[in-house]
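K.L.:
Okay, here's what each chain looks like letter by letter:
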Amino acid sequence: MTSYSRPIDFKHGQVDLTHGSGGRAMAQLIHELFVRHFDNDYLRTQNDGACFPLPAGAGRMVMATDSHVVSPLFFPGGDIGCLSVHGTVNDVAMAGGKPLYLAASFILEEGFPLADLKRIVISMAAAAKEAGVPIVTGDTKVVERGKGDGVFITTTGVGIVPPGIELGPDRIRPGDVILVSGTLGDHGVAIMSQRENLSFETVIESDTAALHTLTAAMLDAVPTIRTLRDPTRGGLAAVLNEFASASGCGMLVHEKTIPIRPGVTAACELLGLDPLYVANEGKLVAICPAEDAERLLAAMRAHPHGANAAIIGAAIEDANGFVQMETVFGGRRMVDWLTGEQLPRIC
Amino acid sequence: MKYIDEYRDGALARRVAAAIAAEVEPRRDYRLMEFCGGHTHAISRYGLLDLLPPNIRMIHGPGCPVCVLPIGRVDSAIELAREQGVILCTYADTLRVPASDGLSLIKAKAQGADVRMVYSADDALRIAQDNPGCEVVFFAIGFETTTPMTAAIIKQAAALDLPNFSVFCNHVLTPAAMVHIMESEGDPDAVALDGFVGPAHVSTVIGYGPYEGFAVHYRKPVVISGFEPLDVMQSVLMLVRQINAGRAVVENQFTRAVTREGNRRAQFMVAEVFELRAAFDWRGLGEVPQSALQIKPEFATFDAEKRYGIAYRQVPDPKACECAAILRGHKHPADCKVFGTVCTPDHPIGACMVSSEGACAAHYTYGRFKVLPATEDAGVKA
Amino acid sequence: MCLAIPARVTELLGADRARIELSGVQKEISIALVDDVAVGDYVIVHVGYAIGKLDPEEAAQTLAIFAAIAASPGGLTGAE
Numbered sequence: 006m007t008s009y010s011r012p013i014d015f016k017h018g019q020v021d022l023t024h025g026s027g028g029r030a031m032a033q034l035i036h037e038l039f040v041r042h043f044d045n046d047y048l049r050t051q052n053d054g055a056c057f058p059l060p061a062g063a064g065r066m067v068m069a070t071d072s073h074v075v076s077p078l079f080f081p082g083g084d085i086g087c088l089s090v091h092g093t094v095n096d097v098a099m100a101g102g103k104p105l106y107l108a109a110s111f112i113l114e115e116g117f118p119l120a121d122l123k124r125i126v127i128s129m130a131a132a133a134k135e136a137g138v139p140i141v142t143g144d145t146k147v148v149e150r151g152k153g154d155g156v157f158i159t160t161t162g163v164g165i166v167p168p169g170i171e172l173g174p175d176r177i178r179p180g181d182v183i184l185v186s187g188t189l190g191d192h193g194v195a196i197m198s199q200r201e202n203l204s205f206e207t208v209i210e211s212d213t214a215a216l217h218t219l220t221a222a223m224l225d226a227v228p229t230i231r232t233l234r235d236p237t238r239g240g241l242a243a244v245l246n247e248f249a250s251a252s253g254c255g256m257l258v259h260e261k262t263i264p265i266r267p268g269v270t271a272a273c274e275l276l277g278l279d280p281l282y283v284a285n286e287g288k289l290v291a292i293c294p295a296e297d298a299e300r301l302l303a304a305m306r307a308h309p310h311g312a313n314a315a316i317i318g319a320a321i322e323d324a325n326g327f328v329q330m331e332t333v334f335g336g337r338r339m340v341d342w343l344t345g346e347q348l349p350r351i352c
Numbered sequence: 119m120k121y122i123d124e125y126r127d128g129a130l131a132r133r134v135a136a137a138i139a140a141e142v143e144p145r146r147d148y149r150l151m152e153f154c155g156g157h158t159h160a161i162s163r164y165g166l167l168d169l170l171p172p173n174i175r176m177i178h179g180p181g182c183p184v185c186v187l188p189i190g191r192v193d194s195a196i197e198l199a200r201e202q203g204v205i206l207c208t209y210a211d212t213l214r215v216p217a218s219d220g221l222s223l224i225k226a227k228a229q230g231a232d233v234r235m236v237y238s239a240d241d242a243l244r245i246a247q248d249n250p251g252c253e254v255v256f257f258a259i260g261f262e263t264t265t266p267m268t269a270a271i272i273k274q275a276a277a278l279d280l281p282n283f284s285v286f287c288n289h290v291l292t293p294a295a296m297v298h299i300m301e302s303e304g305d306p307d308a309v310a311l312d313g314f315v316g317p318a319h320v321s322t323v324i325g326y327g328p329y330e331g332f333a334v335h336y337r338k339p340v341v342i343s344g345f346e347p348l349d350v351m352q353s354v355l356m357l358v359r360q361i362n363a364g365r366a367v368v369e370n371q372f373t374r375a376v377t378r379e380g381n382r383r384a385q386f387m388v389a390e391v392f393e394l395r396a397a398f399d400w401r402g403l404g405e406v407p408q409s410a411l412q413i414k415p416e417f418a419t420f421d422a423e424k425r426y427g428i429a430y431r432q433v434p435d436p437k438a439c440e441c442a443a444i445l446r447g448h449k450h451p452a453d454c455k456v457f458g459t460v461c462t463p464d465h466p467i468g469a470c471m472v473s474s475e476g477a478c479a480a481h482y483t484y485g486r487f488k489v490l491p492a493t494e495d496a497g498v499k500a
Numbered sequence: 836m837c838l839a840i841p842a843r844v845t846e847l848l849g850a851d852r853a854r855i856e857l858s859g860v861q862k863e864i865s866i867a868l869v870d871d872v873a874v875g876d877y878v879i880v881h882v883g884y885a886i887g888k889l890d891p892e893e894a895a896q897t898l899a900i901f902a903a904i905a906a907s908p909g910g911l912t913g914a915e
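Protein chains in written order, with our numbering: chain A, 6 to 352; chain B, 119 to 500; chain C, 836 to 915.
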């Protein structure tokens, strides 16, 4: 008589401590949920780790990791699942790498609805498949009720950086041009629209997306790119300040060239937020020599994730390494590091 | 955005700037106080100083309700959260104000106190309704723009007979503060002021009538200015013209949102719920008579000060802190010895650095590059 | 000291509330502090409440004043 194991009730069931204890329940969860949806041979071998050969003539390897604690878990345009795939794929891409494999570890809170977990896993699987980057290994733990925020996901990715590509902000020189791949602030505003005490409806969706095919096209067109970075927490302002700090150059951007959707501007006005500091999850900032800027812009605009790309400014000589912006009004202001957390204000 | 973008037109700005430059008397200094922190923020954020001739000096005033909130009042709010175990609802602006013992509301929250940020006063009311077993206190701050909302929720709480809700009232008044600034002009450190850029949205509520006596008595022109950068530029031009002509009257630049009478309905609501305090301690200004509001006896159950027996303890500013002089317009943030070194937005010593429209925070965040020697990029003014 | 923004009233809801819209962003606010609000009016919004109405004629006049300043002899010296 074949043994019968009752299928997991993904409709009404909840995560409980047995799902993390290493026993039969955990094996069943891994099998029925993760292996099933992530769907690749690595996972099907049921090994603890995934082994793969190094590609020939590789160049260098790149490894990156990201933890995802976003709340709410589901938001317009995405969820914590696809976000966790895109985030790490993008980190690899920003190094100039082609992402190859992902690992995903889950910390689940006791009581977390399995229906939500399944929804997240399916979203991750779709994102991974679309990006062509399989999730080949992972881990699951369960913590007691009250000790986690539903689910935390950490993804780690490995990739290969082709020989000759060495990106880094220390390579930035005065005169280099600053470009962005599209509209800023979408993700942060989409998230805020869901938070309970900031109740407004908006058509702004998160821009979460995998950017590795965009970066590949960019590096192909313009191998002289100095550096790439995605403006996640802290927004464009954080990235420019990091660049200034690492390169010893100043940065000067022009407000009227920075692409921002009207709805994002309006939401920020209502709350007293500055879109330059709002998070993005499907955009990048690129720096390249001035003579290559137009060619790079064209390459970006030719790609679906770069349709609204724009040149927004340049690196300048500045011993103090300030990031400055010429305002729409014609005057100048600094764009400083973010202080603490950006919160809505009354004043 | 309609009624917003048109007032941010850069090309128009350059023309208005040229008009101002054409009308200022070259050998004369114009010292204009922008009372309202929102104007301070707008000036910094748009880089307006770059468009004004160098003999126009914009001096930041005390119109920042967070900046003038004395340490002792923040201490009381923290105490309510920590020791009385209330759910303390507050606007985000106050969360990082440094109080006594290295505490702030956000630090108290990290230590376990139930401090909740609200975007709107009625969020606090809703929290009280959703948590009938807990005491909820709303930490009310703000000038006359923000006071009517507090009045509205107190009235609603009374109508609902809410047993677990009260308000810790720290509402302050604009004209009284302006008077106090003028009264302190005898101070040896005082900078003589030639005119005032009057607050925008405070005036939407109170009207521009209340400033008329002030202009006459102190013989200083007041121009009520809208918030957008073109509004501020036009107001500066109007002040320059008055000063050149030796006039001192109240003019309204923000005609699209301010009338002489203001919003009567809001005013009545405030008068229903609040009365004048004899005096109130303002950070930086000291005790200012008839400058703040308290809740009327009819609404005593909703007055957190009465409900919890809050006793105010005056706490002096840290020694190195120059907030007092800066709030009066006597000193510029860069004059403060700890500006940008020990005192930054990340670890603020005084309130001027905490609020994003505080003179120090605005200058640090948007303008401090101007203090240092000019960079090789020719456009930057030293 | 008051972050307030003009927005258009798109719908009157019961109990002194209304929906406003600004470049596609919609929000529900209280209109308890302002008399006679109608759909299509622009109100000044501060912390979730309307504090007053915006007068479109005065708004147009203000813009006309800017244009006049810009066209004045002094203003023209600032033209590009």
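Mixed in with the good hints there might be a few duds.
If you want a taste of the chain B side facing chain C, the calculated C-beta under 10 Å gives, among others [to be verified]:
{"id": "1", "residue": "Arg132"}
{"id": "2", "residue": "Cys252"}
{"id": "3", "residue": "Pro266"}
{"id": "4", "residue": "Ala276"}
{"id": "5", "residue": "Leu278"}
{"id": "6", "residue": "Asn282"}
{"id": "7", "residue": "Tyr336"}
{"id": "8", "residue": "Gly344"}
{"id": "9", "residue": "Ala384"}
Since the hints were derived computationally from the structure, they do not count as laboratory data.
Every residue gets a Cβ at the ideal spot worked out from N, C-alpha and C, and that includes glycine.
K.L.:
Each hint: holds or not?
P.N.:
How the hints compare with the structure:
A hinted interface residue such as Arg132 (chain B) counts as satisfied when its beta carbon comes closer than 10 Å to some beta carbon of chain C; here the least separation is about 4 Å, so the hint holds. Annotation: interface hint on Cys252 (chain B) violated; nearest CB of chain C at approximately 22 Å, more than 10 Å. For Pro266 (chain B), the shortest C-beta to C-beta distance to chain C is roughly 5 Å, which falls under 10 Å, so the interface hint holds. For Ala276 (chain B), the shortest C-beta to C-beta distance to chain C is roughly 14 Å, which exceeds 10 Å, and the interface hint is violated.
Evaluation of the Leu278 (chain B) hint against chain C yields a violated restraint, the C-beta minimum of about 13 Å exceeding 10 Å. The criterion of a C-beta within 10 Å of any C-beta in chain C is not met by Asn282 (chain B), whose closest approach is roughly 22 Å, and the hint is violated. At about 22 Å, the closest approach between the beta carbon of Tyr336 (chain B) and any beta carbon in chain C exceeds 10 Å, and the interface hint on this residue is violated. Satisfaction of the interface hint for Gly344 (chain B) is found here, the shortest Cβ-Cβ separation to chain C being roughly 8 Å, below the 10 Å cut-off.
The restraint placing Ala384 (chain B) at the interface with chain C holds, with a minimum CB-CB distance near 4 Å, inside the 10 Å limit.
In summary, the numbered hints that this structure violates are 2, 4, 5, 6, 7.
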